[in-house]
Structure formats: structure tokens, C-alpha cells
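Colleague: So you can see what is in the structure, the chains are spelled out below.
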Amino acid sequence: MTHNHEALRALARKRWRVALSLTALMVLVYFGFVLLVAWDKPFMGRLLRPGLSVGIVLGALVIIAAWILTWTYVRWANRVYDPELERARAGGVK
Amino acid sequence: MSTAIGQANPVAIAFFLLFIGVTLGITWWAARRTRTTEHFYAAGRSITARQNGIALAGDYMSAASFLGIAGLVSTTGFDGLIYSTGWLVGWPVVLFLVAEPLRNLGKYTFADVVALHRRPGPVRTAAAIGTLATVVFYLIAQMVGAGGLIRLMFGISYETAIVVVGVVMILYVLVGGMIATTWVQIVKAFLLLAGALLLAVLVLSRFGFNPARLFAEAAAKHGDAVLAPGKLVTSPLEAVSLGMALMFGTAGLPHILMRFFTVPDASAARRSVFYATGIIGTFYLLTFVLGFGAMVLVGPEAIRAVDQGGNMAAPLLAEALGGTALLGFIAAVAFATILAVVAGLTLSGAAALSHDLWVNVVRHGEAEPGEQLRVARIATVVLGLIAVVLGITFKGQNVAFMVSLAFAIAASGNFPALLLAMFWRRATTSGLVASMLTGTFGALILIWFSPTIQVDILHHGSAQFPLRNPALLTIPISFATGMLVSLLTAARSEEEISRFAERERLMLEGRETRAVRREP
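Those protein sequence lines, which keep their order, are chains H and E. So the first sequence is numbered by the working numbering: it starts at 1 and just counts up by one. So the second sequence is numbered by the working numbering: it starts at 1 and just counts up by one.
Everything labelled a hint here was simulated from the structure, so no lab data went into it. Treat the hints with care, as some may be off.
[What the hints assert, rightly or not] Think about it this way: if two alpha-carbon atoms lie no more than 20 Å apart in a straight line, the pair counts; the simulated DMTMM-like pairs of lysine to aspartate or glutamate are: (1) E/LYS231 x E/ASP456; (2) E/LYS231 x H/ASP40; (3) H/LYS14 x E/GLU159; (4) H/LYS14 x E/GLU502; (5) H/LYS14 x E/ASP79; (6) H/LYS14 x H/GLU84; (7) E/LYS107 x E/ASP265; (8) E/LYS395 x E/GLU159; (9) E/LYS395 x E/ASP456; (10) E/LYS395 x E/GLU509; (11) E/LYS231 x E/ASP79; (12) H/LYS14 x H/ASP82; (13) H/LYS41 x E/ASP79; (14) E/LYS107 x E/ASP456; (15) E/LYS221 x E/ASP79; (16) H/LYS14 x H/GLU86; (17) E/LYS107 x E/GLU368; (18) E/LYS107 x E/GLU509; (19) H/LYS41 x E/GLU366; (20) H/LYS41 x E/GLU238; (21) E/LYS107 x E/GLU502.
[What the hints assert, rightly or not] If you want a taste of the chain E side facing chain H, the calculated C-beta under 8 Å gives, among others: (22) THR85; (23) ALA212; (24) ALA216; (25) ASP224; (26) LEU508; (27) GLU509.
These numbers come from a predicted model, not from an experiment. Ideal Cβ positions, reconstructed from N, Cα and C, are used throughout, including at glycine.
Work out the full structure: start from the sequences and follow the hints.
Modeller: If you want it as C-alpha cells, here you go:
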């Protein structure tokens with residue numbers, strides 16, 4: 001029982017670390033975008049090609065970054081976290 | 001340009017009646033499956049990850065997303081995109097921090113999680129205050145938006161429109177509970193995405209399927225400034241504060257959190273956010289095209305002439321592209337959108353009143369069988385009537401701030417307490433109650449003293465508090481109050497603190513042990 005609980009606690013800490021790092025990345029990406037909007041309007045308005053300003057490209061990239069981070073977490077959780085949770089649970093039954 | 005907006009549109013009415021017919025059919029089907037409290041609040045935990053993901057998207061993509069952002073982009077250009085991105089980035093936060101532990105620790109409402117191993121009376125009362133404040137402000141915004149919209153598109157009076165929305169929504173929730181509400185949201189999410197996709201394809205077909213050519217045309221017609229940030233964000237502090245409310249508000253919206261209890265386990269909760277983020281992100285990318293499409297093909301002046309706030313941009317774009325028939329379809333989609341969001345909000349409000357306040361506070365958790373369901377149904381009717389009355393009372397008011405108010409309360413009142421309750425060992429009853437109350441009332445008070453109320457609505461010369469959105473201040477204050485009060489009351493809450501290990505285990509394993517189920 002105690003062994004099972006130790007394994008679960010370690011897993012809880014691991015999930016917490018992954019979740020916090022990914023949250024921090026999302027905060028960084030989004031507030032980076034917001035601060036550029038607030039502080040450097042000329043930069044955001046610069047045209048990369050006719051019709052494509054830096055701001056529009058970065059806005060689309062924020063959405064794509066949100067997708068990538070979501071996908072990263074779900075993939076990690078499905079492949080690493082779920083099997084480890086099953087193992088930790090099974091360890092308690094013995 | 002002449003428009004059919006403002007007259008009864010037969011196509012709109014036909015599509016609308018079709019939608020009502022189909023969804024009431026679903027409600028009737030769901031009613032036969034709604035026998036227990038667990039069915040009414042949580043659809044018997046029978047919703048799959050994919051279904052819940054679509055329903056989450058349906059719950060979240062309100063009329064503000066569809067009509068508001070398209071309107072903002074079409075009249076101001078780039079500025080509208082600040083909302084498109086902000087409303088999506090809350091979802092990864094929901095996934096990383098909230099979805100799975102919430103599903104494992106709770107039963108029907110997020111208050112279950114905050115109250116676990118703590119004194120239920122004070123915690124649930126404070127959580128119900130936060131829930132109802134969020135729900136009521138969100139409801140007012142949706143109802144007032146619906147009334148104006150339906151009056152413009154169906155040619156009926158504002159009051160009739162509000163009553164129709166109220167009655168249909170009460171029927172969904174009262175008769176079909178969470179099962180019907182979920183399916184209404186799924187049907188609506190499909191309609192909204194199909195409508196937006198159709199419009200976007202029609203717009204892009206005129207620009208060689210190259211979005212850059214569309215944006216370039218907008219810049220050629222209305223100046224390069226439409227592709228750069230403009231007046232919406234005036235100061236960095238304002239921008240960060242709005243961003244914080246959008247980012248952390250989603251993780252505190254009670255009607256969104258409630259949806260995680262409808263799936264069988266934490267793994268399904270996780271995967272449902274994956275689907276939701278995909279759908280919502282796609283939709284917000286489409287709003288780039290719809291907004292600039294309306295700017296080029298309809299023109300900002302023509303859009304403002306119909307509705308000063310720009311809310312008719314998407315319907316006007318539909319009319320320009322496909323005539324009265326497409327206008328009718330898009331009008332019906334917008335109506336369906338509002339109905340579904342209002343139903344979800346009412347259900348979460350009813351759960352707070354019945355499950356949190358009545359059963360767990362008034363009856364101390366010892367309600368008779370069937371009583372909880374009965375009270376929830378009464379609460380649904382009462383909330384529905386309140387929504388109709390408030391909708392009529394606030395007629396003609398600018399309600400855009402009410403959605404930001406709802407997000408600010410959710411981010412400052414609900415989110416910090418939820419996070420502390422789950423992850424912080426020392427969180428005590430008093431600390432969590434203090435956090436929820438300072439967050440909720442702090443947000444309410446600061447918004448009262450903000451330029452939105454003092455300058456825009458009361459027409460005073462200046463405001464006592466400079467920021468339009470208080471989240472920058474109220475989120476940290478709510479966290480700090482919660483932690484400080486918890487530490488001060490630690491001595492008399494030893495039992496609550498000592499059960500952290502048990503909570504940690506439940507958070508991973510769930511309340512009911514169940515094999516990890518996967519979809520085929």
C-alpha cells in the first residue's frame with residue numbers, strides 16, 4: 001500500500017511539472033503577442049508580403065501554438081501518463 | 001446597398017423551425033433517458049470524448065464569437081483578432097490545470113471539488129455565489145444580444161424574441177436535462193462550423209483561395225492600418241489585464257467545467273479538450289476571413305449603418321454572397337447558437353442552486369430521493385424566467401461589458417479557489433471562501449468604478465479605477481487572500497490539511513475506480 005502511494009505521488013508530481021511547463025509556455029506565447037500589440041504597433045503592421053502583416057501572421061501562429069501545446073500534452077498523457085498510472089495502481093493490488 | 005435585414009425572412013424562419021423541431025425531438029428522446037439526478041446534471045457520464053469536445057465547442061462559441069468578432073474585424077481590422085486568439089488560449093490552460101483532476105474529484109459542479117474534505121456549507125455557498133454571478137451576467141449578454149438579433153432577422157418584436165428564446169431553452173433543460181443540452185450543443189456546433197466554413201469558402205473563391213489576396217484587397221480599399229493594431233488596446237496594462245481575464249476565465253466558467261462530468265473518466269475529459277481546441281481554433285481562424293471578407297465585400301460604412309456595433313457583419317456578408325437564402329440560413333445558425341449557450345448556462349445555474357445550495361447547504365446533504373431533481377427543475381424554470389425578465393429590462397443597453405464581467409468573475413472568483421483546493425496542501429475552508437468572495441466581489445466593485453461603467457454608461461468625466469478589466473489585480477488578490485487566510489486558519493483546520501494525501505490519490509485515480517475506456 002505504501003509503495004503504491006509513493007508511486008502515485010511521484011506520478012502526481014510529474015504530471016504537475018509537465019502541466020506547469022506547458023502552461024508557462026502558453027502564457028509566454030500569448031502574452032508575448034499581447035505585449036507586442038500594446039508596445040510595438042509599427043512592427044506588427046509591417047508587411048511581409050502584400051496583405052500579410054506581421055500581426056496577422058503572429059495571431060494565426062498563436063492559435064497554431066495552442067494546438068501544438070494541446071497535442072503535446074494529450075500525446076504525453078496517453079502514451080506515458082496513462083500506462084504509468086495503470087502500473088502504479090496494479091502495484092497497490094499485490 | 002439595400003438589405004433584407006429587418007424583414008421577416010421565410011428561409012430564416014424555415015431553417016429556424018427545422019432546428020427547433022429537430023432539437024425538441026432530441027429533447028423528447030433525451031427525456032426518456034433522464035430519470036436520475038446523474039442523468040439530469042451529467043448525462044449519466046455516457047458522453048464520449050469526441051461528443052463532449054464538440055459540445056464544449058458548442059457551449060463556448062457564443063454569438064459574441066460569431067457576430068461580435070466578425071463585426072469587430074470588419075469595422076476595425078486587426079483589433080478584432082486580439083479576441084480571436086484570446087478566447088482560444090484559455091483552452092490549453094483548462095486542459096493542463098483543470099480538466100482531469102476536476103473530473104476525478106467532482107460529481108456535478110466545480111463546487112464539489114472545492115468543498116471536498118472541507119466544511120460544505122460555507123464553501124458551497126461561496127461557490128454558488130461565484131457561479132450565479134458568472135451565469136447571470138453571461139445570460140444577460142446572450143439574451144439582450146439574442147433579442148436584438150432576432151428582431152433584426154425575423155422581423156418580430158424584441159420582447160417576443162426574448163420570450164421565444166426563454167421558452168425553448170427552458171424546454172430543453174427542464175425536459176431533457178444534460179443529455180438534451182449536450183445534443184443541442186453538438187447540433188449547433190456543426191451548424192455554426194458549417195455556416196462559417198461555407199461563408200469562408202465563398203469569400204475566398206473570389207480571391208483565388210488566397211487569404212493574403214483578401215487581406216491585401218482590404219488594405220488597398222481601407223488603408224494599411226487595418227492590418228495593424230489600432231485603438232482597441234490603448235495601454236500595455238489594459239492589454240495584459242484583458243488577456244489574463246480571457247486566458248484564466250475559461251478555466252472558471254461553471255457551464256464549461258460542468259461538461260467534464262459528463263464523460264466516463266479523466267482520460268476522456270482530456271481527449272474532449274483536444275477536440276474542442278481543434279474545433280474552436282478552426283472557427284477563430286475562419287473569423288479572420290469572415291471579418292476581412294465583410295470589410296471588402298460589404299464595407300464598414302454599410303455594416304455600421306445597419307447596426308452601430310457591427311454585429312450584423314456576418315449576416316450582411318452572407319446576403320452579399322448568397323442572397324436572401326444564405327442570409328436566412330446564417331440568421332437561423334446565429335439563433336441556434338444563442339439558444340444552445342443559454343441552455344448550458346441555465347443548467348449550470350440550476351445545478352448551483354439545487355445541488356450546491358439546496359441539497360448540500362439547506363438540507364446538509366440529506367435530501368430525499370428525487371428531491372434534488374425536483375428542485376433542479378424548479379430552479380431551471382426560475383432561472384429561465386429571470387433570464388427573460390433581465391433580457392427585457394436591459395433592452396437597448398450596451399452589454400458587451402457583461403461578457404468581460406463574466407470572464408473577470410470566473411477568472412478571479414472561481415479559478416484561483418479551484419486551483420488552490422486541488423493542488424495546495426494547506427488550503428482551508430476559510431481560505432477558499434475568502435478567495436472566492438474577494439475574487440467575485442473585487443471584480444464586481446472594480447468594474448463598477450471602471451471607465452466602462454463610469455464613463456461609457458454613467459457619462460462621468462473620469463473613472464476612479466483606470467482599467468476596463470480588473471483581472472490583472474483581482475486574480476493575484478484572490479490567490480493571495482486564499483493563501484493568507486488558509487495559513488492563518490491552519491491551526492483549527494488540521495483535519496482538512498491532513499487529508500491532502502487522500503485528495504492527491506483521488507485526483508489521480510478518480511472517485512470511482514474504473515478501467516480506462518477508449519473509443520473505437
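Colleague: None of the hints should be skipped; say for each whether it holds.
Modeller: Here is how each hint holds up against the structure:
1. E/LYS231 x E/ASP456: This hinted pair holds, its Cα atoms lying about 16 Å apart.
2. E/LYS231 x H/ASP40: Satisfied, since the Cα-Cα distance of roughly 13 Å is no more than 20 Å.
3. H/LYS14 x E/GLU159: violated, 54 Å
4. H/LYS14 x E/GLU502: Answer holds: H/LYS14 to E/GLU502 is near 18 Å, not above 20 Å.
5. H/LYS14 x E/ASP79: violated, 39 Å
6. H/LYS14 x H/GLU84: Roughly 11 Å separates the two Cα atoms, so the pair holds.
7. E/LYS107 x E/ASP265: Given pair E/LYS107, E/ASP265 holds - Cα atoms ~11 Å apart, limit 20 Å.
8. E/LYS395 x E/GLU159: The hint holds at about 9 Å.
9. E/LYS395 x E/ASP456: holds, 16 Å
10. E/LYS395 x E/GLU509: violated, 48 Å
11. E/LYS231 x E/ASP79: Roughly 8 Å between the alpha carbons, so the hint for E/LYS231 and E/ASP79 holds.
12. H/LYS14 x H/ASP82: holds, 12 Å
13. H/LYS41 x E/ASP79: Within the cut-off at roughly 11 Å; holds.
14. E/LYS107 x E/ASP456: Not satisfied, since the Cα-Cα distance of roughly 42 Å exceeds 20 Å.
15. E/LYS221 x E/ASP79: holds, 17 Å
16. H/LYS14 x H/GLU86: holds, 15 Å
17. E/LYS107 x E/GLU368: This hinted pair holds, its Cα atoms lying about 18 Å apart.
18. E/LYS107 x E/GLU509: holds, 14 Å
19. H/LYS41 x E/GLU366: Judged against 20 Å, a Cα distance of about 59 Å means the pair is violated.
20. H/LYS41 x E/GLU238: holds, 15 Å
21. E/LYS107 x E/GLU502: holds, 17 Å
22. THR85: holds, 4 Å
23. ALA212: holds, 4 Å
24. ALA216: With a closest approach of 3 Å, the E/ALA216 hint holds.
25. ASP224: holds, 7 Å
26. LEU508: With a minimum Cβ separation of about 6 Å from chain H (threshold 8 Å), the hint on E/LEU508 holds.
27. GLU509: This hint holds: E/GLU509 lies near chain H, its Cβ roughly 7 Å from the closest one there, short of 8 Å.
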